[in-house]
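**Q** One gets the working numbering by counting positions in the sequence shown from 1 and adding 29 to each.
Bear in mind the hints are in silico, worked out from the structure with no lab data behind them.
Possibly wrong hints are sitting among the right ones.
As the list claims (entries may be wrong) - Label-pair distances were calculated between CB atoms; the ranges are:
#1 Ile173 to Thr91: 42 to 50 Å
#2 Leu110 to Thr135: 49 to 57 Å
#3 Tyr107 to Ala129: 25 to 33 Å
#4 Lys181 to Ala125: 37 to 45 Å
#5 Val178 to Gly83: 43 to 51 Å
#6 Ala76 to Ala131: 24 to 32 Å
#7 Ala157 to Pro186: 24 to 32 Å
#8 Ile190 to Gln169: 47 to 55 Å
#9 Ser119 to Leu86: 14 to 22 Å
#10 Val141 to Leu121: 53 to 61 Å
#11 Leu67 to Arg156: 39 to 47 Å
#12 Thr164 to Leu121: 32 to 40 Å
Computed from a prediction, not measured in an experiment: that's the story for all the values here.
Built from N, CA and C at the ideal position, the CB exists for glycine as well.
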Amino acid sequence: MTAVTPAPRATASRKLQYKTGIPRRTARETSRGYWIYLLPGAVGFIAIVAIPFGMNLYYSLTSWRGVGTPKFVGLDNYVRLVADPAFWASFLHSGAFIIAMAVIPTALGVFVAAILFDYIAPKFGTRAASILRATFYLPQILPIAVAGVLWKWLYQPQYGIINTVLERPGTWLAPAELARRLRHRHARRHERPDLAADRLHRGRIHGRAVPC
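Using the sequences and the hints, build the whole thing.
**A** In structure tokens, the structure reads:
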């Protein structure tokens with residue numbers, strides 16, 4: 030008797046292909062369409078990061094003051110840099126700044142988040158944890174809201190400080206005598222039409238010119 034080899038089982042993708050009629054694509058064929066979306070970011074990275082980094086690395090190995098031809102000096106600049114006390118002082122200041130502004134806030138944030146989700150939420154409920162989480166995050170969004178309100182007041186058409194200053198240029202740009210004349214002319218231009226017509230009529234009666 031001859032042994033009959035069972036037919037290989039169809040994989041899930043083949044079953045899907047049999048049911049839908051859509052040809053199965055390989056991983057390589059699928060990934061080809063992604064490269065065009067990575068191209069703008071790759072061009073920007075090369076132009077803004079990679080090329081300037083390579084140029085800085087090259088110029089760090091030369092003696093060049095920005096004019097003329099760079100002279101290759103090897104690692105002399107780095108030897109002088111390591112021996113400079115000002116470099117190590119600035120290095121320590123930069124390290125302290127990074128620790129104070131990045132490491133410590135991140136560690137405190139992780140610690141507070143762990144307390145909120147692992148201790149307060151199971152013991153006091155998710156509502157208490159949400160209230161505390163909003164309280165902790167409020168200082169981050171409050172300055173943005175305050176700045177928006179202040180800029181809205183600055184650009185307010187009726188009583189905003191920008192329009193008020195621009196409507197009276199003589200009060201902050203010109204000398205005292207010129208400022209007085211500008212304010213006088215500004216007041217005349219904004220007076221009521223009936224008063225302006227009456228003043229013009231009186232000026233014609235007395236035979237004198239009325240300034241505008």
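**Q** Would you mind marking each hint as holding or not holding in the structure?
**A** These are the hints, each one checked on the structure:
Between Ile173 and Thr91, the C-beta spacing of about 45 Å keeps the proposed range 42 to 50 Å intact. Separated by about 30 Å at the C-beta atoms, Leu110 and Thr135 break the suggested range of 49 to 57 Å. One distance hint, 25 to 33 Å for the beta-carbon pair Tyr107 and Ala129, holds here, with the actual separation near 28 Å. For the hinted restraint 37 to 45 Å between Lys181 and Ala125, the CB-CB distance of approximately 39 Å keeps it satisfied.
Checked against the hint of 43 to 51 Å, the C-beta distance between Val178 and Gly83 comes to roughly 46 Å, which is consistent with it. Range check, Ala76 to Ala131: about 28 Å between beta-carbon atoms, so the 24 to 32 Å window is met. In this structure the supplied range 24 to 32 Å is violated for Ala157 paired with Pro186, their Cβ-Cβ distance being about 45 Å. Separation of Ile190 from Gln169 is about 28 Å and departs from the stated range, judged on CB atoms against 47 to 55 Å.
Between Ser119 and Leu86, the C-beta spacing of about 20 Å keeps the proposed range 14 to 22 Å intact. The hint said 53 to 61 Å for the Cβ distance between Val141 and Leu121, and at roughly 29 Å that hint is violated. Checked against the hint of 39 to 47 Å, the C-beta distance between Leu67 and Arg156 comes to roughly 44 Å, which is consistent with it. Distance hint for Thr164 and Leu121: a CB-CB separation of about 35 Å, consistent with the stated range 32 to 40 Å.
The earlier numbered hints that this structure contradicts are 2, 7, 8, 10.
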